[in-house]
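There are 4 protein chains.
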Amino acid sequence: MHGYSGDKQAYLTRLRRIEGQIRGLQRMVDEEAYCIDILTQVSAATRALQAVALGLLEDHIAHCVADAVKSGGPEADEKVKEASAAIARLVRS
Amino acid sequence: MHGYSGDKQAYLTRLRRIEGQIRGLQRMVDEEAYCIDILTQVSAATRALQAVALGLLEDHIAHCVADAVKSGGPEADEKVKEASAAIARLVRS
Amino acid sequence: MHGYSGDKQAYLTRLRRIEGQIRGLQRMVDEEAYCIDILTQVSAATRALQAVALGLLEDHIAHCVADAVKSGGPEADEKVKEASAAIARLVRS
Amino acid sequence: MHGYSGDKQAYLTRLRRIEGQIRGLQRMVDEEAYCIDILTQVSAATRALQAVALGLLEDHIAHCVADAVKSGGPEADEKVKEASAAIARLVRS
Numbered sequence: 001m002h003g004y005s006g007d008k009q010a011y012l013t014r015l016r017r018i019e020g021q022i023r024g025l026q027r028m029v030d031e032e033a034y035c036i037d038i039l040t041q042v043s044a045a046t047r048a049l050q051a052v053a054l055g056l057l058e059d060h061i062a063h064c065v066a067d068a069v070k071s072g073g074p075e076a077d078e079k080v081k082e083a084s085a086a087i088a089r090l091v092r093s
Numbered sequence: 001m002h003g004y005s006g007d008k009q010a011y012l013t014r015l016r017r018i019e020g021q022i023r024g025l026q027r028m029v030d031e032e033a034y035c036i037d038i039l040t041q042v043s044a045a046t047r048a049l050q051a052v053a054l055g056l057l058e059d060h061i062a063h064c065v066a067d068a069v070k071s072g073g074p075e076a077d078e079k080v081k082e083a084s085a086a087i088a089r090l091v092r093s
Numbered sequence: 001m002h003g004y005s006g007d008k009q010a011y012l013t014r015l016r017r018i019e020g021q022i023r024g025l026q027r028m029v030d031e032e033a034y035c036i037d038i039l040t041q042v043s044a045a046t047r048a049l050q051a052v053a054l055g056l057l058e059d060h061i062a063h064c065v066a067d068a069v070k071s072g073g074p075e076a077d078e079k080v081k082e083a084s085a086a087i088a089r090l091v092r093s
Numbered sequence: 001m002h003g004y005s006g007d008k009q010a011y012l013t014r015l016r017r018i019e020g021q022i023r024g025l026q027r028m029v030d031e032e033a034y035c036i037d038i039l040t041q042v043s044a045a046t047r048a049l050q051a052v053a054l055g056l057l058e059d060h061i062a063h064c065v066a067d068a069v070k071s072g073g074p075e076a077d078e079k080v081k082e083a084s085a086a087i088a089r090l091v092r093s
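Protein chains in written order, with the UniProt record's numbering: chain A, 1 to 93; chain B, 1 to 93; chain C, 1 to 93; chain D, 1 to 93.
No lab work stands behind these hints, which were simulated from the structure alone. Careful: at least some of the hints might be erroneous.
Identical copies look the same in the list; a pair holds intra-copy or inter-copy alike.
List of simulated lysine to aspartate or glutamate pairs, EDC-like, C-alpha gap at most 16 Å [as the list claims (entries may be wrong)]:
(1) Lys81 <-> Asp30
(2) Lys8 <-> Asp59
(3) Lys8 <-> Glu58
(4) Lys8 <-> Glu31
(5) Lys8 <-> Asp30
(6) Lys8 <-> Glu32
(7) Lys81 <-> Glu31
(8) Lys70 <-> Asp7
(9) Lys8 <-> Asp77
(10) Lys81 <-> Asp37
Here chain A stands alone, though its shape is the one from the complex (with noise of 0.2 Å):
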C-alpha cells in the first residue's frame, strides 16, 4: 500500500492522457506542424506530468513520510532526505 493507491484510478486516467498527448505530438511532428504549435504542446504535456508528480509526492509525504515519522527512529529521517531528494530533481528538472 502506498500513498496513491486510494488515487490509483484517477492517476491512471491522468497518465493516460498524458499518453495521448505524447501520441498527439508524434502526429504533429509527422505531419509537420508549426513548430510554435508543437512547443506549445510539449509545455502542456510536461505540466500535466509535473501535476501528476505534486500530486504523488503530497499522497507520499502525507502517508508514507508521515507512517514513518510517527514510528520515529532513523527511517523517518531517512524518508525525509529521500523525500527531500525527489522534490530536489522536480524542481530542477
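Please build the complex by placing chains B, C and D on the supplied structure of chain A, with the hints as guidance.
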C-alpha cells in the same frame, strides 16, 4: 518545411521513447510501485520532453526565425516575439 | 523556533552571497557586458536561490511538518497541504 | 552596444528591486519568520530573476542573433547555438 523537418525521424524516435516512458509509469502505478521510484521516472520523462523542446526551439531559431530576420519587415519582429513567448512558456513549465 | 533556526547563520551567509550575485548583475548591465554572460550569471543566481529553497523545505518537513504529524489532528493535514503548495510554487517557478 | 542597452535603466531598476527582495529574505531569516512565508518570497524572487532573463534573451535574439543572421556565415550558426545553450541553462535552472 520547418526547421525540424530534416530531423523528423530522430524527433519521432525520441517521442516514441517518451511514450514508452509514460506507459512504464502507468505500469508502475498499476503494480503499486514505490512512490519515490515513480517520481524518479516522472523527472526522467519531464527532462526528455524538455530536451525535445530545446531541440525544436534551436531548429526553429536557426531556420524559421533566421529566415524571417533575413526577409526583414514586421514579420521578423513577430517571429522573435513568438519564439520568446514559447521560451517563456518552457522556462515557466 | 523553526526548522531552519539551527542553520540560521548558514542561510544568512548564502543569502548574502546571492545578494552579491545580484549586485554583480547590476554592474554587468551597467558596464554593458555581453548578454549571454549576464544570462549565465542569472542562471547561477536562480540555482543558488533554488538551493536555499530546497534546504528550507527539507528543514521544514523534518521539523514543522513532522511535529504536526506526531501531534496528529487536522493540523497535520493542514501542514502537509501547505508544504505541498509551497513545493508546487517552487516547481512551477 | 548590446540588445538590452536601450532598456539599461529599466533592467537596473528591476535588478535593484530583486536585490531588495534578497535583503528582505535575509531579514525574514534573521527574525525567524515562518518557513513557508520565506519560501513564498524565494519563489517570487526566482520568478523576478527569470523575467529579467527572458527579457534579456528576447533583446538578444532581436538584436545580436538577428544581426549575425543578416551578416551570415559561421558567426550566424555560432550565435544561434550560443543562444540555444543559454535557453537550455534557463529551462534547466
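Can you give the numbers of the hints that this structure goes against, from lowest to highest?
Per hint list: 1, 7, 8 and 9 violated.
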